[in-house]
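Following this note's numbering, the numbering of the sequence shown begins with 1 at its first residue and continues without gaps.
Honestly, the hints are just simulated from the structure, not real lab data. We treat Cβ as the ideally placed atom computed from N, Cα and C, and that holds for glycine. Honestly, I wouldn't trust all of these hints.
The calculated lysine to any residue pairs, modelled on SDA-like cross-linking and capped at a C-alpha distance of 25 Å, are [said to hold, decoys possible]:
1) Lys5 - Glu44
2) Lys24 - Gln42
3) Lys32 - Thr2
4) Lys24 - Gln34
The following label-pair restraints were derived from C-beta to C-beta distances [said to hold, decoys possible]:
5) Gly13 - Gly74: 29 to 37 Å
6) Asp18 - Glu44: 12 to 20 Å
7) Thr4 - Glu44: 39 to 47 Å
8) Asp18 - Ala41: 36 to 44 Å
9) Thr4 - Gly71: 17 to 25 Å
10) Thr4 - Ile47: 28 to 36 Å
11) Glu44 - Ile3: 41 to 49 Å
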Amino acid sequence: MTITKQYWFLRIGSDCLDDSLCYKTKQAAINKYQRVAQELAQYEQEIEASLHRASRRETLDEYPDFVLSLGVRGGVRIEGC
């Protein structure tokens, strides 16, 4: 039995799925989104992101596993799809 390594692909805003950023852990992707979203929040701008889990970029599904948004206190709201 072969175990396939899964990665987390972060798609920020309206970026193309092919341009999504690859992370080894879900938490690393969430942390990156939080930094970007908090920086934009300083200028009263909002941005959402989606997390996609796949073994490689070529197998990414357009439908996300999670949708991320910034909460009112600066935390990341994670909604499963």
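Outcome of range test on Cβ distance (Asp18, Ala41; 36 to 44 Å): Distance hint for Asp18, Ala41 is violated at roughly 27 Å.
Mind checking the hinted window 17 to 25 Å against the Cβ distance between Thr4 and Gly71? violated, 33 Å
Distance restraint between Lys24 and Gln42, which requires alpha-carbon spacing of 25 Å or less: violated, 28 Å
Between Glu44 and Ile3, is the Cβ distance one that fits in 41 to 49 Å? holds, 45 Å
Agreement of Lys24 and Gln34 with the hint, judged by alpha carbon distance not exceeding 25 Å: Status holds; Cα separation ~17 Å.
Taking 12 to 20 Å as the stated bounds, is the beta-carbon spacing between Asp18 and Glu44 within them? Given about 30 Å between the Cβ atoms, the range is violated.
Range hint 28 to 36 Å (beta carbons of Thr4 and Ile47) holds or violated: Holds - the Cβ-Cβ distance for Thr4 and Ile47, about 31 Å, lies within 28 to 36 Å.
Quick one: are Thr4 and Glu44 within 39 to 47 Å, going by C-beta? holds, 42 Å
Does 29 to 37 Å hold as the CB distance between Gly13 and Gly74, or does it fail? violated, 18 Å
Given hint Thr2 paired with Lys32 - CA-CA distance at most 25 Å: Judged against 25 Å, a Cα distance of about 30 Å means the pair is violated.
Are the Cα atoms of Lys5 and Glu44 separated by 25 Å or less? violated, 38 Å
Hint check: violations occur at hints 1, 2, 3, 5, 6, 8, 9; the rest are consistent with the structure.
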